[in-house]
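Participant: Protein chains in written order, with the numbering used here: chain A, 1148 to 1290; chain B, 9 to 519.
Mixed in with the good hints, there may be bad ones.
[To be verified] Just so you have them, the derived chain B footprint on chain A, three or more residues with Cβ under 8 Å:
(1) 1206 to 1218
(2) 1247 to 1253
(3) 1262 to 1268
(4) 1274 to 1288
[Said to hold, decoys possible] Coverage of chain B stretches by chain A, computed from C-beta distances (three or more under 8 Å per stretch; other residues unrestricted):
(5) 118 to 131
(6) 174 to 183
(7) 504 to 517
These are computed hints drawn from the structure, not numbers from a lab. Just so it is clear, CB atoms sit at the ideal spot from N, CA and C, and this is done for glycine as well.
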Amino acid sequence: MIWFHLEDCGIMTYGSMRHSISIRRSAADVWQLVGDPARVHEWFPGITSCTVEGARRVIVLGSGLSLPEEILLDDAIQRRFQYRITAPIFKHHRGTLDVIETGGRTCMVVYSTEADPRTMALTIAAGTASALDELKQQMERAS
Amino acid sequence: MGRKILFVTTDQQRYDTLGCNGGALSRTPVVDALAAAGRRYERAVPQSVVCMPSRSTMLTGQHPSTHGVWMNGVALAADAPSVASVLHDAGYRTALIGKPHFEPFLDPFARFAENRLARDGLVGLHRGFEHFESATHGARGPLHYARWLLANHPEAVGMFYPVLDGALEVNAMGGGETGAPQVQDNAIPKDWYHTDWVADRTISWLDSLAAEDDWFCWMSFPDPHHPWDPPVSELGRVNWRDVPLPPGYITNQAEREAVLDTKPRHWRAWYDGTLVSNYEAPLDWIPATMTADQVREVNARNAVEVELIDEALGRVLAAIHARGWTEDVDVIFTTDHGELQGDFGLLFKGPYHVDGLMRLPLIWHPAPSAAGTVSTITKPVGLVDLAPTFCAIAGLPVPEWMEGRPLPTDDADAAMRGFERVLTEWDSELFGVAVHLRTITRDGWVCSTYQPGYSHDGSEGELYNLADDPLQQVNRWNDPALSSLRSDLIADLWDHQPPQQKPLARVEAPV
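For reference, chain A alone in the conformation it holds in the complex (with noise of 0.2 Å):
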């Protein structure tokens, strides 16, 4: 959560939100699955498909809302992925995803939300941090 106080910084409208989860699998082998931008409605409950051209990415709510979306960084070495949103109703947003191994086959996944206004930060972390659970779940079946 981000802090804000008019009395210090007059209205601000940005908002910028994380969430994480441990899964019990490799960070290779989560990687695998989120490090694929062209897979993301297999583990997002509330994408219902997604179309890649190139560093362009377009999502379908289930709501039947379609975001189109810039891929900034698919980093595999880093295992770091980011993307923006670019309907007009954002003023900003850029989401980040680490895959960060933590040992004994284990790792984390930070899944990070920046976005004005700062409404559609906490929607669309909220959606993501019940990504994160689903990719747990996955993940951890299939093991």
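Once you have looked at the hints, place chain B on chain A.
Facilitator: Using the frame of chain A, we list chain B on its own:
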């Protein structure tokens, strides 16, 4: 064949907006008649002063700490208990028509069943309701009313006030003749407005039932919650220029601000526009700028919405009568929480446990066949007592997971069964601002204690004598003569406060 239950809720309606409670602005003959022939509660208190926790309490018969919906934007667990399920399992036909709000509205992923039902063209089963047709304050979004309006009267969709602005914050845009926030002239014909739609759909569902069916119908009107945009054709009912300022509105600015300064600091900070601690009011609207005429216009439009609800309820009761059911129908009328509506120079709601938000209309008209008493109940009761009451009406045992008790039938019954106190909770942690308070209403006092948060160090509180200070303008928290009483009330509060579910459920959306 047993007793049938019509449970009528409104959203964000003050106690003093009904004629039977002394209100003079709205004409509410239908509810007034129910009160005159039934039970009128003078101190009905919500367990939360915002929608989702309060509605979840009505459904579960549990305090927010137990059902887990600790603030707006937190979803009631999919497997949470439901009084509708209890009744349905006992053979009742069950419906919820109107505003549910057990799950967040802002749901682009359609993760919540409440929003998926209308998308998928379904009307149930959901949380024990075999028929579930949903509506909220406007005509956008995934709910059944919005889809009905878009399909049948698409030209009307844009007539409503946009509740949220382009940044999805609560809209501060002003309208009407005074520029009051969340006010707009809505050209929609009355027949298409959600109040009439809720009544129409309720009548339609009742018409689908067999004569011998027992039924529980939660008819949930989205009004008179903001925005204040009733059909413009109805505005002539109440001329805002003739509306007196409410007693809680302190006309003199210096006196108003002096009263605010006796309360914990988030009161004055919100009034001055330096802190918006929650998502219940516009981020870029400053209450201190509100004019007396804006208060009048908001109250006038609110009164119009209250009248429309009363008339819609009258139509539903007539339909029930036409089916020959009147003798066996219990009608319970209430709301989820109140509205400041000008008190202390404020609008909307938030972490402010005073009568504007905490004193609710509650009327129980028992089925005439049950030969119920006519009474006025002065002892405190809670919305947590509604679900057990429905079970009692249906002749069912109250499940152990319910924390309330069937409503008392009169003060003697209340005294005999120990209706002494009601608890109210506020928790919010949104965009870095945390506010936590717990409140007890007992023995004619309202006592709130604050826990550490963004604006509070945990030493703050509020203590009001409801008899001597019905407008809660004299905070006696620091009155040394009342220190013993204060300690007793706080101890009693914590003795009865259910432990909070931990970890707290995730905030899924602002609302």
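Participant: Does each hint hold? Answer for all of them.
Facilitator: We went through each hint and held it up to the structure:
1. For a cut-off of 8 Å, the count of residues in the region 1206 to 1218 of chain A with a CB near a CB of chain B stands at 5, and the three-residue condition holds.
2. By the rule of at least three residues with a Cβ nearer than 8 Å to a Cβ of chain B, the coverage given for the region 1247 to 1253 of chain A is violated, with 0 such residues.
3. With 5 residues bearing a CB less than 8 Å from a CB of chain B, the region 1262 to 1268 of chain A meets the requirement of three and the coverage assertion stands.
4. Given a C-beta distance limit of less than 8 Å, the hint that chain B covers the region 1274 to 1288 of chain A holds, as 3 residues qualify and 3 suffice.
5. Under a criterion of three residues with beta carbons nearer than 8 Å to beta carbons of chain A, the stated coverage of the region 118 to 131 of chain B is upheld, 5 such residues being counted.
6. For the region 174 to 183 of chain B, the assignment as covered by chain A holds, since 4 residues bring a beta-carbon within under 8 Å of that chain's beta-carbons and 3 suffice.
7. Three residues within the 8 Å Cβ limit are the bar, and the region 504 to 517 of chain B against chain A gives 4, so the coverage statement holds.
Hint check: a violation occurs at hint 2 only; the rest are consistent with the structure.
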